[in-house]
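Here the structure of chain A is known, so what remains is to put chain B in place on it, guided by the hints.
2 protein chains.
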Amino acid sequence: MTVSVEQQERASGQGLGGEAQAPLLKALREAVGTTQVRADSDTRRRYAASTASRSTLPLAVVTPGCQAEVVALVKLAAQYRVALYPVSTGKNWGYGDACAVGAGQLIVDLSRMNRILSVDSELAYAVIEPGVTQQQLSDYLRTHKLPFWIDCTGAGPDTSFMGNILERGFGHSPYGNRLQHISGLQVVLANGEVLSTGFGHYPQARTTHLFPYGVGPYLDGLFTQSNFGIATRVGIWLMPKTACVNHFLCTVERHADIGAVIDALRPLRLDGTLRSILHIGNDLRVISGGRVFPREQAGRETRLPDALRGELRERAGIGAWAISGALYGSAAQVAAARAALKQALRGTAAKASFLSERKLRIGAALAALLGRSARGQRLRAQVGLGEALFAMNRGVPNGRFLAGAYWRRRGGLPAGFPQRANPALDQCGMLWVSPILPLRGADVMELHAMVDPIFKQYGFDLFVTFSMINERALGGVITVAYDKEDPAEVERAKLCYQNVFERVMAAGYIPYRVGNQSMSALDPHGDVYWQTVARIKQALDPDGLIAPGRYQPGFGR
Amino acid sequence: MTVSVEQQERASGQGLGGEAQAPLLKALREAVGTTQVRADSDTRRRYAASTASRSTLPLAVVTPGCQAEVVALVKLAAQYRVALYPVSTGKNWGYGDACAVGAGQLIVDLSRMNRILSVDSELAYAVIEPGVTQQQLSDYLRTHKLPFWIDCTGAGPDTSFMGNILERGFGHSPYGNRLQHISGLQVVLANGEVLSTGFGHYPQARTTHLFPYGVGPYLDGLFTQSNFGIATRVGIWLMPKTACVNHFLCTVERHADIGAVIDALRPLRLDGTLRSILHIGNDLRVISGGRVFPREQAGRETRLPDALRGELRERAGIGAWAISGALYGSAAQVAAARAALKQALRGTAAKASFLSERKLRIGAALAALLGRSARGQRLRAQVGLGEALFAMNRGVPNGRFLAGAYWRRRGGLPAGFPQRANPALDQCGMLWVSPILPLRGADVMELHAMVDPIFKQYGFDLFVTFSMINERALGGVITVAYDKEDPAEVERAKLCYQNVFERVMAAGYIPYRVGNQSMSALDPHGDVYWQTVARIKQALDPDGLIAPGRYQPGFGR
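Residue numbers (the working numbering), protein chains in the order written: chain A, 1 to 557; chain B, 1 to 557.
FYI, nobody ran anything at the bench for these hints, they're computed from the structure. All figures in this text were calculated on a predicted structure; none of them were measured in a lab. Errors might be hidden in some of the hints.
One copy or two, either will do: identical chains are not told apart, so a pair holds if it fits within one copy or between any two.
Straight-line distance between alpha carbons at most 30 Å, and here's what the computed DSS-like set of lysine-lysine pairs gives [said to hold, decoys possible]:
1. K26 - K145
2. K241 - K342
3. K145 - K456
4. K241 - K351
5. K351 - K456
6. K145 - K359
7. K145 - K494
Next comes chain A alone, as it looks inside the complex:
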């Protein structure tokens, strides 16, 4: 059952929020400063805004400035028996945004803690706080002329680097399996102690940010997708720039042919020729990068009519599927990888093209020459996509890949897009289902055949990408993009999401990450894994102070 923000506001006036909380708010203000505690209705509603159309109104929002203040907050939480809900920058688009799982919690927004504490230019790592964004770190490296690239996700320039890692997101570079590229975490525990993982708890250690495992049980994984503590610092590894980067784009004209192409690429991912995370997206993922749903042409349809979809495909110069990835190394290494890739794709339906900076420049010039002709437009679209991907592969984040969230938005892409994209405040409706699949064509075909009819049934366009998240698995991201201002469409979107979620789950394609609305669905049978997680929670946070309900399916049952 969904409770509206208005209902929550009324309830909180008599309950958790409102005057009853005056002593708590006073104590919080003493701890972190008057201006860093906000309990006004505007602020609370802003944090409640969600792409999921499932808002939880927080009690208040606190913005601590340092680790010591986070410790103070945890102690106050224990004293006042209030739940804290930490967010790094609150931009967990499609999975809950800045919302707590439950209403009436105190949002701890860590975005002010945005220091880049150190960068080691010899051993290629940085130590950062939760508020550091992709853009900030990218800029820092360029400003200081450091020979490194960051791994970028498509979630936009102003999202938290650390927050994404803690949710086990994945990026586009060879460092895209992000959890494998951190070392040395600091976590404020519910009892107010600060835990340093790896070797970090030995003050004299020289390799805290170089060797993640330390000695004794390796705990970092505990603090990802969990509610066991508030992470305040992490060492992240930076990717050394390479002499050469080639971006490659494959187009597969017909849907029926994508499976064979994936199977042809698998050996190259397995043997390390393809070191970066390949992304395989359907036509709509590319089309939606430049525009919203063409309401005027689609009439009363809420899903693209086939003919129109074909036309948009044509205009973008793509097929049913597009595959994108990058090759890194010396010129000789990239040439060897390119040869292996061409060899592997021979006999498949994939048309591969390789982009270098030079090619992109030529393409842009040619597109200008061709002007507003169909060929000119198509080339311009291709160059635009290429430039965005190319930049991302070299550590420059881009908001363009968030565009899918805006697909059904009335009024189109807002003025600030893509640099200042904020799908939650921009009134976008978006829900993500993220099943993991074996890296096999047959599984992609099976999953697609399973979910496409559901999207059709509910009248939504199916946006889907499959990313070669490691050498053996695909991370699928299925987007339900909907019009948040149409209550009927919101209801259909929720049903569509629910249906897809249940189908992929039942079929064994379990999601790698879920939105707040699905936490309780993760443990239908009370299994040993979740019992173990609950025991650890009880040991580390017996009063349930930190993010109750977050990856805690049994909470509130």
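Chain B only, in chain A's frame:
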């Protein structure tokens, strides 16, 4: 204080062991079969044998045959309040061998659980039990003509694959960071429940062995270097064979030059040109591969006199340091990596040679021609080392690299060596200190300068390797090899070990793994990390049934 096996045996006659344990032994025999429970003195002494000269006599030894029997054992342990000490095959050489941390525990030897449960030839993984050895899995792949190699360690063919992973050992191939190449663990918990990690707890999951993280907190790290459960099954990733492998060997003549060579190689490890774990060993690591300490020539010295060391170096055709690694890929990829390596080493004191199968064959033929001449002997030694390394890089384990343990053994290398090497039963004295260092020449020089005088002071030869365990850190392994039959030398060895351990620890080069004798030294100050570990232990095993004292520094204080 060390208590002799004899003292322990006398004590156990009146205490834990002996007749008092008759009901427990009876119950154990009912659970796993009469022949699978042994409490006789011979068996207990055999399991107490340790390279560390610090034995703990077990109460008895149980060898369950399947997971259900492990569950039964855990329940009996709770009922009879006896501690279980699981070992995979009990070959944790230099770190405690098959010994429990404390005396009077029930050794649960899992070596009979040695099934290779499945191998997926498309997605390149195997599911194995703890008793599966390196040799067994290697043989399986060759017998079934599967296109994969295993990652090998130098610990010998009959060591447990899984046991090494759980202790966070590292191997020689691109899969040498072994913890990054497992997915889906099964663990029997102290309450008798079976935990499946990753997606494994969803019975319908299709990617249990393909995507390690699952959804929710990632728990695998908890069950490495810990005593939180008894792991009974794991999915391990197999490395696809590549069209081409080149082994390379670098010789660095003078000690003073090794630092610069390491710095020259670092960028290649950082940028992924060197995907496998490079091993950098001093002269003695190579020399000891073929022979023991030359007592007859060394007179009363227990450490090699400089002139003799120079002579042995000369005969082996090596310098002060040898670097060994492998390049994998297509012919073009390997050629590109070779070129990058040559380029990087230009201007350093390293002499690099690249071995292919063809070169090794030619070398062997040439050595035969040269016969017993000095050049012939040198070439034969080089070919022998090359062959062993080459085999290991392609998934064939080799006992040769265990030879260091036999260095001070009277009577030389035993008849079964290296195939049946068992340093504990072969009466070898060996202690390992394994500090992690930043991947920097300066740190190698500093650490070496710190420990060499200690070895000199106590009259031991310094054996040391540094392995590029990841892109930013070196895993050092420092061996104290001693004569176990000389009580005075045993005492000196312990003092030498203790001194080295304390020095590297104080200098911030914290060990990545420790022997049983050093568990309690891991937490000198009662820090938050170890308190957190203790809280988790309390949550998962409140009665302390599983491996008390193992990576539990506070135990028994």
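For this session: Since the copies are identical, ignore which copy is meant and state whether K145 and K494 lie within 30 Å (CA to CA) inside a copy, between copies, both or neither.
Result: neither (47 Å within a copy, 50 Å between copies)
Problem set entry | Intra/inter-copy verdict for K145 and K456 if alpha-carbon distance must be at most 30 Å | Close neither inside one copy (50 Å) nor across copies (46 Å); limit 30 Å.
For this session: Classify it for me, K145 with K359: is the Cα-Cα distance of at most 30 Å met within a copy, between copies, both or neither?
Result: Within one copy, since 25 Å is at most 30 Å while 44 Å is not.
Problem set entry | Within, between, both or neither, where K241 and K342 count as close if Cα-Cα is 30 Å or less | both (24 Å within a copy, 20 Å between copies)
Exercise. Which holds for K241 with K351 at a C-alpha limit of 30 Å: within a copy, between copies, both or neither?
Worked result: both (28 Å within a copy, 28 Å between copies)
Problem set entry | Homomeric proximity label, K26 with K145: Cα distance no greater than 30 Å | Close neither inside one copy (45 Å) nor across copies (71 Å); limit 30 Å.
For this session: State whether the alpha carbon distance between K351 and K456 is at most 30 Å within one copy, between copies, both, or neither.
Result: For K351 and K456, the Cα distance is within 30 Å only inside one copy (29 Å; across copies 65 Å).
Of the numbered hints listed earlier, those contradicted by the structure are 1, 3 and 7.
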